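Participant: Line order of the protein sequences matches chains A and B.
Per the working numbering, residue 1 is the first one in the first sequence, and the count goes up by one each step.
Per the working numbering, residue 258 is the first one in the second sequence, and the count goes up by one each step.
Don't read these hints as lab results, they were simulated from the structure.
Don't take each hint at face value.
To be verified - Heads up, simulated EDC-like pairs for lysine to aspartate or glutamate below, C-alpha to C-alpha not over 20 Å straight-line:
id, chain 1, residue 1, chain 2, residue 2
1, A, Lys109, B, Asp440
2, B, Lys441, A, Asp107
3, A, Lys96, A, Asp107
4, A, Lys182, A, Asp214
5, A, Lys31, A, Asp217
6, A, Lys31, A, Asp69
7, A, Lys96, B, Asp291
8, B, Lys441, A, Glu75
9, A, Lys96, A, Glu143
10, A, Lys96, B, Glu431
11, A, Lys109, B, Glu431
12, A, Lys74, B, Glu431
13, A, Lys74, B, Asp440
14, B, Lys342, A, Glu75
15, A, Lys96, B, Asp413
16, A, Lys236, A, Asp214
17, B, Lys342, B, Asp440
18, A, Lys96, B, Glu497
19, A, Lys31, A, Glu234
Unchecked claim - Facing chain A, according to a computed beta carbon distance under 10 Å, are these residues of chain B, among others:
id, residue
20, Ser417
21, Thr418
22, Arg419
23, Gly421
24, Gly428
25, Val434
26, Leu437
The structure displayed is predicted, hence computed values, not measured ones.
All residues carry an ideal CB built from backbone N, CA and C; glycine is no exception.
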Amino acid sequence: MLELRQIDKVYNPGTVREIGLFSDFSLTVPKGQFVSVVGSNGSGKTTLLNILCGSLPPDSGQVLLDGQDITRQKEHLRARRFARIYQNPALGTCAKMSIRENMALADNKRRRMNLRPGTDRSRLPLWRQMLAELGLGLENMMEARAGSLSGGQRQALALTMSRLTPVDFLILDEHTAALDPKAADIIMHLTDRMVRESGLTAIMVTHNLRFALDYGDRLLMMHQGHAVLDVRDEGKRRLEMEDLLRLFNEISVECGN
Amino acid sequence: MLSTFLATLPSTLEQGLLYAVLALGIMITYTILDFPDLTVDGSFPLGGAVSTTLLLRGWDPLAALLAATACGALAGLCTGLIHVKLRVRALFSGIIMMTALYSINLRITGGNALLSIPRTASTLFRNNAAADLLPPWLRVPIIAGLLVLALKVLLDLFLSTRAGYLLRAAGDNETVVTALGRDKGNVKIAGLTMANALVALSGAVVCQEQRLFEVSMGTGTMVLALASVIIGVNLFRRVERVRPTTAVIAGSILYKVCVAFAIACGLSPMDMKLVTAALFLGILASGSLKRKEKAHA
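Go ahead and model the full structure; you've got the sequences and the hints to work with.
Facilitator: Here it is, written out as structure tokens:
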């Protein structure tokens with residue numbers, strides 16, 4: 001279970017550009033829940049993820065993981081239980097390393113980074129099989145550099161790499177936003193399957209209202225640091241695109257965009 | 258002109274080999290970690306100071322090399338700690354250590370700006386059991402060649418281990434290192450430590466070969482080594498099967514050939530640093546011009 005308790009966050013405190021983002025914001029995500037988060041620009045979606053992952057400290061409040069306070073835990077230590085996929089496909093993989101080496105890196109996350117061979121050859125068939133499931137032909141180009149792949153391919157590789165790591169939480173930061181519609185559909189489908197199969201707890205920030213409606217079992221609409229809509233399960237299934245759009249337009253107009 | 262060039266070619270090639278160790282060190286910081294490490298201008302003479310001082314005290318040449326390597330590692334460690342723990346910019350961390358090392362090197366040599374090793378002393382290249390088996394003209398190329406080859410193989414092996422993958426990832430994409438649950442700062446510190454160990458080793462080997470230590474021998478080390486690395490990497494860019502270590506060694510030799518050619522053309526050894534700077538500028542400019550052309554195409 002993941003919990004944010006009474007989070008406060010102010011940007012540029014004490015200056016004319018001071019922006020209060022969160023005040024007394026709380027959120028509880030039970031184990032195995034898939035939450036979609038939508039909202040206008042500057043509504044606090046990405047800040048929410050940054051506070052969760054430890055890239056940004058909250059001014060006050062607590063982040064709890066299974067009841068344990070991890071507010072002060074460093075980002076890389078938190079990453080042992082979190083996987084994060086970014087909007088920019090380049091952030092999830094090493095461009096100068098081959099697909100095989102990238103998969104090996106991810107597979108080594110659970111192991112000691114010692115002087116044993118970087119690539120465990122006995123794992124190659126598994127990696128090939130996982131890549132083949134993507135249907136993008138990556139399994140036949142194991143020695144190609146990740147930097148030579150298209151955005152969609154790289155994002156699919158990043159997602160497959162996080163499948164190899166022993167994490168409980170998947171954080172998706174507008175991870176389909178930089179992709180063309182077809183690639184976005186493929187990645188979204190893969191994401192959903194991965195979350196379901198591994199029983200992950202997932203939080204997905206997206207600008208794609210359709211994805212937010214179609215995937216996940218809870219939907220959060222953020223506006224100026226508050227959840228203006230929070231529906232789950234049956235309530236979410238009854239939610240229609242029109243309602244969502246209307247609400248989204250209301251908050252957007254308020255912001256002037 | 259050509260005859261002078263050809264006459265000095267063997268010693269030029271030797272120099273290329275001796276400095277290849279230095280280039281391998283710079284490869285770790287520049288090519289792999291993407292870290293502009295100026296520590297090398299201090300850690301290269303540091304290796305020379307330590308090894309020369311110890312030789313003069315009657316140490317075994319190999320033991321002196323190992324001690325020099327360890328001191329270089331320590332210097333790299335300090336640069337890493339300054340950069341990572343005190344959050345000082347990469348360039349400044351190196352400059353701070355480089356400046357400090359100038360005085361430290363003088364302390365090590367007991368205040369002597371110049372130390373020479375007598376002909377009778379045992380070094381890696383003379384007056385030892387292995388060197389005595391070789392004809393004098395083959396000593397430097399064979400011993401230096403074996404050393405470079407051994408280091409190259411070790412470095413290649415290291416870069417293919419789990420730790421090596423992590424080091425490469427740290428220079429490629431820090432986010433991935435964090436995502437793997439590892440502290441990217443520690444990986445950088447480890448890389449800087451390794452790199453400066455190699456740089457100091459190179460300084461020690463160079464001093465043992467020329468039987469001379471000079472406190473300002475480090476000036477321009479970074480530029481010279483970078484030129485070697487960039488020549489090597491660019492030269493073999495389109496060749497698939499060549500490892501970066503091989504390219505860098507070739508780059509080091511080629512660089513020395515270029516400088517020797519310039520001197521054979523009538524430039525004085527006094528102009529050496531000017532030639533180095535001009536050569537380096539030429540390489541960088543041609544690289545960025547090429548990129549520009551590509552961008553327009």
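Participant: Each hint needs a verdict: does it hold in this structure or not?
Facilitator: Hint check:
no.	hint	in the structure
1	Lys109(A) - Asp440(B)	holds, 12 Å
2	Lys441(B) - Asp107(A)	holds, 18 Å
3	Lys96(A) - Asp107(A)	holds, 18 Å
4	Lys182(A) - Asp214(A)	holds, 16 Å
5	Lys31(A) - Asp217(A)	holds, 12 Å
6	Lys31(A) - Asp69(A)	holds, 16 Å
7	Lys96(A) - Asp291(B)	holds, 12 Å
8	Lys441(B) - Glu75(A)	holds, 11 Å
9	Lys96(A) - Glu143(A)	holds, 11 Å
10	Lys96(A) - Glu431(B)	holds, 13 Å
11	Lys109(A) - Glu431(B)	holds, 15 Å
12	Lys74(A) - Glu431(B)	holds, 15 Å
13	Lys74(A) - Asp440(B)	holds, 9 Å
14	Lys342(B) - Glu75(A)	holds, 16 Å
15	Lys96(A) - Asp413(B)	holds, 16 Å
16	Lys236(A) - Asp214(A)	holds, 9 Å
17	Lys342(B) - Asp440(B)	holds, 12 Å
18	Lys96(A) - Glu497(B)	holds, 13 Å
19	Lys31(A) - Glu234(A)	holds, 18 Å
20	Ser417	holds, 5 Å
21	Thr418	holds, 5 Å
22	Arg419	holds, 5 Å
23	Gly421	holds, 6 Å
24	Gly428	holds, 8 Å
25	Val434	holds, 8 Å
26	Leu437	holds, 5 Å
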